[in-house]
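A.B. asks: Letter by letter, the chains look like this.
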Amino acid sequence: MIQVRIPTPLRKLTGGKTEVEVEATDIVSVVAALEAAYPGLKERLCDEGGELRKFINIYVNEEDIRFQKGIHTAIKAGDYVSIVPAVAGGSY
Amino acid sequence: MNSLTDEQLTRYSRHILLPQVGGRGQQRISAARVFLVGAGGLGSPAALYLASAGVGTVGIADNDTVDLSNLQRQVIHDTKRLGWGKALSAAETISKMNPDVKVVPYAERLSADNILERMKDYDIILDGSDNFSTRYLVSDAAFFLKKTLISGSIFRFEGQVTTLKPHEDGYPCYRCLYPEAPPEGMVPSCQEAGVLGVLAGVIGTLQATEAIKEILSIGDTLAGRLILYDALDMSARSVRVPKNTSCALCGAQPTITSLVESVTTCGTAATA
Numbered sequence: 000m001i002q003v004r005i006p007t008p009l010r011k012l013t014g015g016k017t018e019v020e021v022e023a024t025d026i027v028s029v030v031a032a033l034e035a036a037y038p039g040l041k042e043r044l045c046d047e048g049g050e051l052r053k054f055i056n057i058y059v060n061e062e063d064i065r066f067q068k069g070i071h072t073a074i075k076a077g078d079y080v081s082i083v084p085a086v087a088g089g090s091y
Numbered sequence: 000m001n002s003l004t005d006e007q008l009t010r011y012s013r014h015i016l017l018p019q020v021g022g023r024g025q026q027r028i029s030a031a032r033v034f035l036v037g038a039g040g041l042g043s044p045a046a047l048y049l050a051s052a053g054v055g056t057v058g059i060a061d062n063d064t065v066d067l068s069n070l071q072r073q074v075i076h077d078t079k080r081l082g083w084g085k086a087l088s089a090a091e092t093i094s095k096m097n098p099d100v101k102v103v104p105y106a107e108r109l110s111a112d113n114i115l116e117r118m119k120d121y122d123i124i125l126d127g128s129d130n131f132s133t134r135y136l137v138s139d140a141a142f143f144l145k146k147t148l149i150s151g152s153i154f155r156f157e158g159q160v161t162t163l164k165p166h167e168d169g170y171p172c173y174r175c176l177y178p179e180a181p182p183e184g185m186v187p188s189c190q191e192a193g194v195l196g197v198l199a200g201v202i203g204t205l206q207a208t209e210a211i212k213e214i215l216s217i218g219d220t221l222a223g224r225l226i227l228y229d230a231l232d233m234s235a236r237s238v239r240v241p242k243n244t245s246c247a248l249c250g251a252q253p254t255i256t257s258l259v260e261s262v263t264t265c266g267t268a269a270t271a
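Order-wise, the sequence lines are chains A and B.
Residue numbers for the first sequence follow numbering that gives the first Met the number 0, so the first one is 0 and each next one is one higher.
Residue numbers for the second sequence follow numbering that gives the first Met the number 0, so the first one is 0 and each next one is one higher.
Please keep in mind that the hints were generated in silico from the structure rather than gathered at the bench.
None of the hints are false.
Keeping only pairs whose Cα atoms sit at most 25 Å apart, straight-line, the calculated DSS-like set for lysine-lysine is:
id: 1; chain 1: B; residue 1: K146; chain 2: B; residue 2: K212
id: 2; chain 1: B; residue 1: K242; chain 2: A; residue 2: K68
id: 3; chain 1: B; residue 1: K119; chain 2: B; residue 2: K242
id: 4; chain 1: A; residue 1: K75; chain 2: A; residue 2: K16
id: 5; chain 1: B; residue 1: K242; chain 2: A; residue 2: K53
Here are a few chain A residues that sit away from chain B, every Cβ distance over 12 Å (derived from the structure):
id: 6; residue: G14
id: 7; residue: V19
id: 8; residue: E22
id: 9; residue: T24
id: 10; residue: D25
id: 11; residue: P38
id: 12; residue: G48
Distance windows between CB atoms, simulated:
id: 13; chain 1: A; residue 1: E42; chain 2: B; residue 2: M233; range: 27 to 35 Å
id: 14; chain 1: B; residue 1: Q71; chain 2: A; residue 2: R10; range: 19 to 27 Å
id: 15; chain 1: A; residue 1: E61; chain 2: B; residue 2: D112; range: 35 to 43 Å
None of the values given here were measured: they were computed from a predicted structure.
Beta carbons: idealized from backbone N, C-alpha and C, even for Gly.
Looking at chain A on its own, in the form it has when it is part of the complex (with noise of 0.2 Å):
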């Protein structure tokens, strides 16, 4: 299984989960393993060409997918994978 980290703008599709596990052997799957159980997700996640949104990272352990594979990334069980938005919040 695979751990996927869900940012806070995201988790009222998760019902609130942090973290959700999926069965994934790259990014690709990951995304459609949410979409399955999370309907809504993928489109915040990606494009309509199915391309990763150039304001959301994806991290398999440490690493920034746009520097491997993209959404072709491989992943292997115990990866940890994290979605990170951009945020712009601090306060004027």
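Could you slot chain B onto chain A? The hints should help.
C.D. replies: For chain B alone, coordinates are given in the frame of chain A:
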């Protein structure tokens, strides 16, 4: 560098005792100039600690005024200052706390027209702004001016901190980390979403910590890493932030060669 007075030797004695700081380090802090974007949730604690550390010049840009709903986290202001400009209120607090600090308030919105002029005389920039338009503007300006930028952001119970110095070999810029801002409406604002007040204190203080380290050139830089802090879990994780060699700003063939300001209204993409 000016030598420290007897009063300063006492005021900063707990720094001077640290072998990594010492008298020379304290002199470097006293000579340093730090520019804060925003005197809000992140800027408040950062400004307080930088000022108490004796940072020589602290610039504070904020065009907002103090509102009662700010005081749950914006600890540099107080109830008697409701309606004051935040830059001026922050300057007043700092002046009272440490007269060594030259504090320069800028009660104006930063724009493509004024930001380079405002930031050019500072060494380090701290971004605690509340919207993506300002974040990209600050990051691009810092890149063009070759200034180290320490970026912090918060949302509900989670915060992010990183140091960006693409002018130094191999380190990324904000656009390497997040190539584009979300479209309006994609991300809820803190006004809509709320934020744990003390989270701003944690993240703003981490930004101040990294600023002091950069001034002193001590420890491991946060450049090339992003810290993800979750107050509910009490977890802090670190991920790597590589330089994007095809980055539109700092890559080998940049397409952004001057300041561009995207217009977003505060409160949609904003999260303060």
